Amino acid sequence: MEFFGTKGKPWYMALFAEPRDQENGSMIESTEFDEFKSFYKRIKTNVVIRQEGNHTITYMDYCGKTCDVNDPIFKTHALSFFGLQWPETSIFMYKSNVGKYFFLREMRGNEIVKSRLTALYFIAFLNNTQAMDDLRHFEALVSDHVAKHNADKTKVTTITQHSARGMQMEIARGMKFVFGKLIGGIDGMLYLYNAWISHHKSSNVKDRMAEVFSSCFPSITIASSVALGLIFGGMYPTEEFAIFSFYLGLSVVFVYGYLICFFPALMVWCSNIDTHLPLQQNSALPLPQHSAKCPKVLKQRPWYAVFLGHYAQYLSNSTWLKIFAVSLFCLCLALPTYMGSSKIHANIDYRHLLPPDSPNNKGVHFMSDVVWFEFFNVLYFIEKPPRFDDPHSYKRFKEMISEFESLPGSINNSGMMWINDFQRHTGMVGNETALDMSLFKDFITHDIYKAWNSGVKYRFDGNTTNITKMLYIGAYEGIKTMMDKAVLLSESREIAARYPEFDVVPFDTEVGMVDVILQIPYITYVMPLFVFIGSAAVAAVFIGNLTVSSVVLISSIFIYVESYCISALTGMTLNPFSAAFLVYVAGSTLKYTAHLCHHFKQALERKQFHDEVHRLTWTFKRILFPVTMSSIASSTIFLPMLLTNVVIFRWLAVINVYALLAGAVHAVLLMPMILAFLPSKFTGSTFLCTANRKDDHVAMKTLSK
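Each residue of the sequence shown is one higher than the one before, counting from 1 in UniProt numbering.
Read the hints as simulated data drawn from the structure, not as lab findings.
Heads up, some of the hints might be wrong.
Computed spacing ranges between beta-carbons, pair by pair [stated by the list, open to error]:
(1) Tyr-12 - Phe-217: 50 to 56 Å
(2) Tyr-258 - Val-541: 18 to 24 Å
(3) Gln-130 - Ala-334: 55 to 61 Å
(4) Asp-442 - Asn-150: 43 to 49 Å
Only a predicted model underlies this, so the values are computations on that prediction, with no experimental measurement involved.
Where a beta carbon is used, it is the ideal one built from N, C-alpha and C, also for glycine.
Throw the hints in and build the complete structure from the sequences for me.
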């Protein structure tokens, strides 16, 4: 951001003061206001951030053009012998805007009778790490001064600090209630281990590991292919989400490398020692003497194998189960998804990031619920002002200002720019077609109006003046949320775009967060789209069947959309945290779909099953344990978050619960039923369609007739 030639990242801090005596005190009274003013001036000029040689670094070394941002209210209050009006007060022949300083007012007409809250502001534009560190330390020092002031019972005011550092510390404290460490790749390890113990009949470790890799490598690769879309998402224009997406994709790549290169070796090393014996040693071991005499005993099938066989039978043949599945999908997934799609909206409330007992909640309350709602300022940096002595250019400029002042919530007579005071000073009535800029020098050097030097840049050319840069401050009311602020700034930008000759930049101290809020809905569509496109291509290659790989893709999309929309239906608000978590959910949907579909396709290559029941039974045996244990592992991480006292992280747990439920329904019920329902020629060993061929035993029966 550039402020009158000073480039840097915007930094802000606000101090709020309340009368300690809430019944009888008022911040417009000299006792309370002067105490707050003295406190402000002391920390502004006297608080030493650090020593640099013989020079002491203070806030004054960084504030630049904004050092005097609060001075007009001090002069106005000192001269307000006959009271203050809101939002604009008259001092003799002069007018001063006090709207952004006094809140929680009791009014008599436009006269302020009492104010229970006053705000003073600190603003700077930082362009290096040292400056950022210094002002972060300055915030800490101010916090100590605020605590000391509030502890002194002789003071007539109570001061509250609202700053970025305090928010960061409390957010970090809130996160401690949530995260220990997240386990990555747990489902892949479970699939490998399950395949390892399932192929125990192989003659040696080499053959056994070959079986494991041929069984698991394709589906693990498909599930990990989300990394392609996530890494590509690193090109997204919003830097914060681009970095997150790239980091998440890179993490998936490293987890995949660990699963393929390191975990199998660790699994072999930890297995039973007899699997490491050479084949000739095993074959040389004598058989027990009684083994030949023992009668042959039929091995009983495990209970879970019997259960899976019956379940596969019902999935394939039961009409009632199909009706139940369709009803469950329509009523519990499709309908809530449709209803929730209209409830999706983006916003962020900083209090949702803080523990309930955080003292910073009070500062957020003052800023969000009081200051924004009563008097929210938008700064319009006009980089190329018109020639004010040119009627055509000045007319265009006034049209633009009129549009800014006609935005919803605009407060009448509250806009601030040097022109208003210039017209009063020179006796103009306000309907002039041009300004007499030869009078500007007398205006800008006047004791009352010289404060405008921080809001206008100019150059004297003989008897006239050229304005090179200027500031217009618009005031609006009714802003309740960050999204309201985003809508207002978006409308301001649209107006500014219609007047490109003035190069106007609407600005707020949280404009960066506003831009993120505006991008969040697109992020939850675009980045998952990258993920699913990349995964679809990999699934088609490694599964080798278009129909089955389509089931993988469509089911993954359904799981994501269902968890997204149902969360919105139950009250979830899109914010940077929930949006990032939804990107994670999109990447994790493949674990519910890829393994099932790959093993269903692989069943024909392993054994010549004669019907879909046996294919499903064989598939369930290989994925039931990993899917169940992976879901349990995910639950142990995220379910405790339901009990956290930090609202935003509690919603992450809710999203995870919906993703688990949607994934379980698709993996255990809907997808197997769809695969069993599809004609076997479309789910066979070829990419498109397998030709119908009778099995050998059926063909022999036909010939014998």
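Handout entry: Outcome of range test on Cβ distance (Tyr-258, Val-541; 18 to 24 Å)
Key = 22 Å, holds
Handout entry: Pairwise beta carbon distance, Tyr-12 to Phe-217, judged against the given window 50 to 56 Å
Key = 53 Å, holds
Problem - Supplied distance hint 55 to 61 Å, evaluated on CB atoms of Gln-130 and Ala-334 - result: At roughly 56 Å between Cβ atoms, Ala-334 and Gln-130 fall inside 55 to 61 Å, so the hint holds.
Handout entry: Range agreement (Cβ of Asn-150 with Cβ of Asp-442, hint 43 to 49 Å)
Key = With Cβ atoms ~46 Å apart, the hint holds.
Hint violations for this structure: none, all hints satisfied.
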